[in-house]
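Chemist: All the letters of the sequence shown, read from the start, carry residue numbers -20 to -1, 1 to 802 under mature numbering (1 follows the signal peptide of the UniProt record, and there is no 0).
These are computed hints drawn from the structure, not numbers from a lab.
There's no promise every hint is true.
Claimed, not checked - Simulated crosslink set (EDC-like; lysine to aspartate or glutamate; CA at most 16 Å straight-line):
1) LYS520 with GLU491
2) LYS790 with GLU753
3) LYS769 with GLU753
4) LYS798 with GLU745
5) LYS557 with GLU580
6) LYS769 with GLU745
7) LYS520 with ASP501
8) LYS801 with ASP789
These numbers were taken from a predicted model, which means no experiment stands behind them.
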Amino acid sequence: MKKTLLSLLTYALLPTAVLAQQPVLKFSFNNNLTSDDNQTTLTCASPAYGPARTGTTGASYFFNGNASSVATGNIPSYLTGLASRSVTFWANFNAQFGPGNIDMFGLGNGSINNAGFSLGILGGSNPSFYADNGQFVYANAPITNFAGNVWNHFAVTNGTNGFVVYQNGVQISAIPQAVINLIGANFSVGMSNDLSTGNTFYMDDLAFYDTQLTPLQVQQIANDAATPTISVNVNPVADIYATAVCIVDANSNATTLTVEYGTTPAFGSVIQLPNQVTGTNTQLISVPLSNLLPETTYYVRATAVNGLGSATSNTFTFTTSSFIVDVPIIQNTNVIATSPTSFTVDFEVNPRGSQTLVELLYTPCPNTPAMPVNIGNATLTIPAGQGFVSGSLTVTGLSPNTDFAYSIRATNSVSNVQTPYACTATVPSVAVTSNVLSNVTTNSAQLDFSVLGANIDVNYNVLIYLDQGSFDADTAVFVATYSQMVLDLTGQQIFQNLISGTPYTYRIRVESNLGDIINVDGSFTTLTNANAPTPIHEFKFDNSHLDTIGDYGFQTASGNASSFANDRFGNAASALKLIPGSSVTATPPANRPLPQGNSERTISFWANYTTIFLENNIFGYGSTVAGQGLGIQENSTLVNVYLWGSSLNNIFYPGTIITNKWYHYVITYGNGQLKFYRDNILYFTGSANLNTQGSTMRLGRLLNEGPTATNTVDALVDDLKIYDVALSASQVTELFNNNALSVTELIKTKNTVSVYPNPTNGIVEIDSEMQIEKVLVFQMNGQLVLESKQSKFDLSALPSNVYVLKIVDKSGEISTHKLIKN
């Protein structure tokens, strides 16, 4: 590496180094296998490169332990035979080696004694360096100062002084008078001369010399001038300050510079530069020395340190001048505290012998006028003196969460000085300090959040919104509110009734009485149940008795005919209406039978009772032989899941029902276990011996009843589904939630009417350009709780909750809104 010597009068320089012998062949491996003189290129099937010891990317050769990464070449012929020669290189074992060998380098013919040599590491319990010809060990030495990911320098010299091996410039082994009669000019990297390969390593700066290097020359090559060089001078020099000028050569390594100074040779004050010095050229680095005493002699020196060593300059002395009354000096300005309405700046000012007025100037960012009008009481007077005085100034009455530019100005009898404007900001009066989304399922998610209140003079509201896809303030659904909060808040919000496999965005909005508005957004995607089964029979009853495939449907079996009515969401003709005395049956095609015998199954449907009789036979299928049927019979206080036959085949449990409320029923059967759910609550689980025979389903009567039977039903039925598997509890939950009122329905389109106040304590008014036909108020589970034909109505009788309003105008258009009832 060539060095440029910089000679400056009055600089304290390092001694000149002894120049090392120049190599006749060198490979720097700078992302290629060509020698530095471009005369020789190594051969390698799969070359790879890594960082050099200087940190330069792609500037070392990487051997991965496989034969494909072995690099081979030839040395000049005049280095063969009995000629004196030396080989040097750097190696980094990128991980601590294992029990195997590390064969780094091989030269010449390894089949005959004294014909060549190799250099590597013998693994095992007592690892050692070796140099041999593949048959006879010429030199070995214990490993010293070895660790993974550390560069080591190796040298092998051969000549009149025998065979000598060095590590990091230190001789580790030698055999006097052992001269190798080198046969063959071939050499390899990553393989010994007997064709052995081993563990991985990096190699850099492989060099061949036509002489046996001396120990001093090997040491200098190992030092490689990779350690830094440094000298120091001081210029200019004033009464209380001076500038140290350092001359640094980092030698391609990131180098840290430290300057020491003081009134004695022991120094005392230390300045370490925050930024490291890099590069290969000599650099001048200026380091200000402050807080000096007038007419005083100082000692100064500089030290440069990098990963390969350090260098320290000679000590330089200088004497400061006598004291001069001058312009003030400002240093070390720093914002030390902020609040929602104030900030504080500390500083150090030297009045330079004259009383000094210090001012904190400030103005909203990004405007930075030369003379801001905002000074207020942020001033401080410092008496005349020669040294630095610490102080601080605070401005108050500011707006929270606002950016400000500030500057410190110092004025004395000589003149004034002002620091450049810097920016700071008042803190928000409130802050969202945590925001964690967890427990995401196919239809729900949990949001945990924390809000930090700044002080007792601040109160705030927190509002939670949810939107499908990206956030849109016009379509987002208002989910919850926390009002008039003062202290810190830790809250939890459960988002429910979501759609599986769907992206959502939520917003936490915080509004304080000081005018702060903070929006924190987050997003998540509900899980997709990839294993969710598909029903083998499904009836939506959307003005049709047919199943979704359309190849069969329910028909009147006896009594009055069925009709259609509003479903649980208020959609017209979207649920099957069974009136007293009616009974409908359906028999699927032979190629699609209902689950038979003791096979797995799930039956799911929704029902809403208009009248509750002594016995309400809502659903059943199979035959009337004992154990061969399956159905549900319910009265006002008891539910019976019957398997047909004696009471021993019936499963009774308490289950109160009321009129005009939708209930979700699920029966699952698998592995001999029967389970019954209503509204996602498991009412029964236990062993049962099913032997269902027959595929005819009946709604409205028992399997064997005729038109004169007293066991009847007056109810609505919707979304009948039959599966040929037993759904899990989580799948039943998803079925219940996805059949409840979905948030998707609330955010499909923008609102076309206005609903206020929202939240409300009772009275609700609706503004609409079109005349309103009716207003339907639902609970979130789809239960209709109120219907009105007026644009103003009262909800004060309803409990505090979140409700859904469906507003139908004269044109038939529907607008959907969420409403908070306090």
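Chemist: Evaluate each hint against the coordinates.
Modeler: Taking the hints in turn, this is what the structure says about them:
no., hint, in the structure
1, LYS520 with GLU491, "violated (45 Å)"
2, LYS790 with GLU753, "holds (5 Å)"
3, LYS769 with GLU753, "holds (6 Å)"
4, LYS798 with GLU745, "holds (14 Å)"
5, LYS557 with GLU580, "violated (29 Å)"
6, LYS769 with GLU745, "holds (12 Å)"
7, LYS520 with ASP501, "violated (38 Å)"
8, LYS801 with ASP789, "violated (23 Å)"
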